[in-house]
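K.L.:
Here the protein sequences come in this chain order: A and B.
Quick note: the first sequence uses the working numbering, first residue 1, plus one each step.
Quick note: the second sequence uses the working numbering, first residue 1, plus one each step.
A hint or two may mislead.
[Unchecked claim] Lysine to any residue pairs mimicking SDA-like chemistry, simulated, CA-CA at most 25 Å apart:
| # | chain 1 | residue 1 | chain 2 | residue 2 |
| --- | --- | --- | --- | --- |
| 1 | B | K129 | A | G247 |
| 2 | B | K129 | A | A59 |
| 3 | B | K269 | B | P194 |
Bear in mind the hints are in silico, worked out from the structure with no lab data behind them.
Computed from a predicted model, the values in this text were never measured in an experiment.
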Amino acid sequence: MLSMAGKSVRKWWALFALPTFAAFVIGFLVPFVMSIILSFCRFATVTDAKFIGIHNYAAALSDPEFWHALIFTVAFTVVTTLIINILGFAVAYLLTTNIRGANIFRSVFFMPNLIGGIILGYIWMLLLNGILAHWGRSITYSGVYGFWGLVILYCWQQIGYMMIIYISGLQSLPGDVIEAAQVDGANGRQTLFHITIPLMMPSITVCTFLTVTNGFKLFDQNLALTNGAPSNSSEMLALNIYRTFYGRPGFEGVGQAKAVIFFVIVAAIAIIQNRLTTSKEVTA
Amino acid sequence: MNGKVRHPAIWTVFFSLVSLLWIFPIALVVVNAFKQRSYITHDTFALPTGELFAGFDNFNRGIEQTDFLSSFTWTVVVTIGSVLLILLCTSMCAWWIVRVHNWAAKILYLLFLSNMAVPFQLVMFTLSKLSDTLGLNSPWGLWIVYLGFGAGLAVFMFTGVVKGIPVELEESAMIDGASVPRIFFGIVVPIMRPSIISVAILEAMWIWNDFLLPYLTLDLRRFRTLSVAIQQLKGSFGSVDMGAMMACLVLAIIPIVVFYLICQKYIIKGVLAGAVKG
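Isolated chain A (complex conformation) (with noise of 0.2 Å):
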């Protein structure tokens, strides 16, 4: 069932639909089918490929640093997400209340958005290793320093790209049913706990979204903070599979088979939390 658009714009593909195709093919589908089928086979050249079954996956899961690097991303995904999301949320709460200057926050706390991943590192490096000198230590003296440094870096980073979505929402709530409340007697905290906050369970489903997958493939602050000093202890996942495949000669195959663990893990979250989050809904 076509409309009568539909018909006239279909004879149109090679203009309207094409380049962008052709792109994707380059930029994606070629390297993404190429990037799986590589994942079974030893090579250091596209084209001296030879298939070796699941070797490479084998060898990937039998690598005490892989697992190190996923536990690590899996505790620091954890911690930002909590962080930033509660702290996200109740700046975001607060500032939507009537405080004078808000706007001038708001502007403060988003802009290190803007900055890249890598000046961010580089940012916090000087700050950090200035504070820590005066223990003569620096961030890179245990995975531990590695771990925290790159938690406040990225909590830093993220609290108010989070705030700018819960003041959207906040916003766009229904002032009635509040005021209803109110009405009928809840205090503030009773308002907050069961009528603002389930009612913004849809901004909270996409922050989550957003932190848990932007946290799980962090990778320029990691490189530019830390490089996974010392001796690997603060790499994360994207790194540790960045120099298995760069930095170890004859484990090209061994990367690219993490590479693909690597991308099942992220799939699954966006399809698990996607599902967990948006039953929790409420709607006004």
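Given the structure of chain A, go ahead and fit chain B onto it with the hints provided.
P.N.:
Structure of chain B alone, referenced to chain A:
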């Protein structure tokens, strides 16, 4: 929301302090950019006065070591070219997908959607090899790579907008004898304008700051972007010239802050549009 907080003045003071704390890391970089490099690591919090003051020495060295002007120019070329190409091609493609809506269009749409869940590390090796083979290792080659790898989000956002545009408008123009490209550029694009700005902001923020894709794809002997140049200051081993690094960070942040001050309204709209579905 209402003004139920009891002490707005106290909150203003509180948030003023937090805001200062928020800006502090950036201010610290600015201060250290004017400090002699040997003092940066150990006297990070000292002001650049007296013998610590380095004037613009760090800036001169930083600009020289990163070839700052050329990296800056290439970043501008890559970002503007890619964003314009993405806007033009994906808006046309999204319109085609929604209006045609046959099996081919549906498959195309699903393919684009799948692209959004893929981390770059999965395709970094094959994509960089392929773009090398096809000669796309130049700034203008990157326009095509970014169009391909960034198509998912843009197509997704544009199709959402086009679905909300009543088809009757286009059909009556068709009856009046307007051609398909004319209808798209004359009727559809003006309606899509706000979302075009949002997508432009989102893609520009991504491409301007992107590191790994240009690092692996570009021919680094001839072209480098700012993120790549700054990362290369550190090199793989040995000590870093912290003075030059601080100066380059300041120079890289200034255009971003200026852009933010001018376009803040659009940036926030873009972020919200992008967050609608993650």
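K.L.:
Does B:K129 pair with A:G247 here, judged by a C-alpha cut-off of 25 Å?
P.N.:
Holds, at roughly 17 Å.
K.L.:
Just to be careful, I want the Cα atoms of B:K269 and B:P194 compared with a cutoff of 25 Å; is the pair within it?
P.N.:
OK: B:K269 and B:P194 at ~9 Å, within 25 Å.
K.L.:
For the pair we were handed, B:K129 and A:A59, check the Cα-Cα distance against 25 Å.
P.N.:
24 Å, holds
Taken one by one, the earlier hints all hold for this structure without exception.
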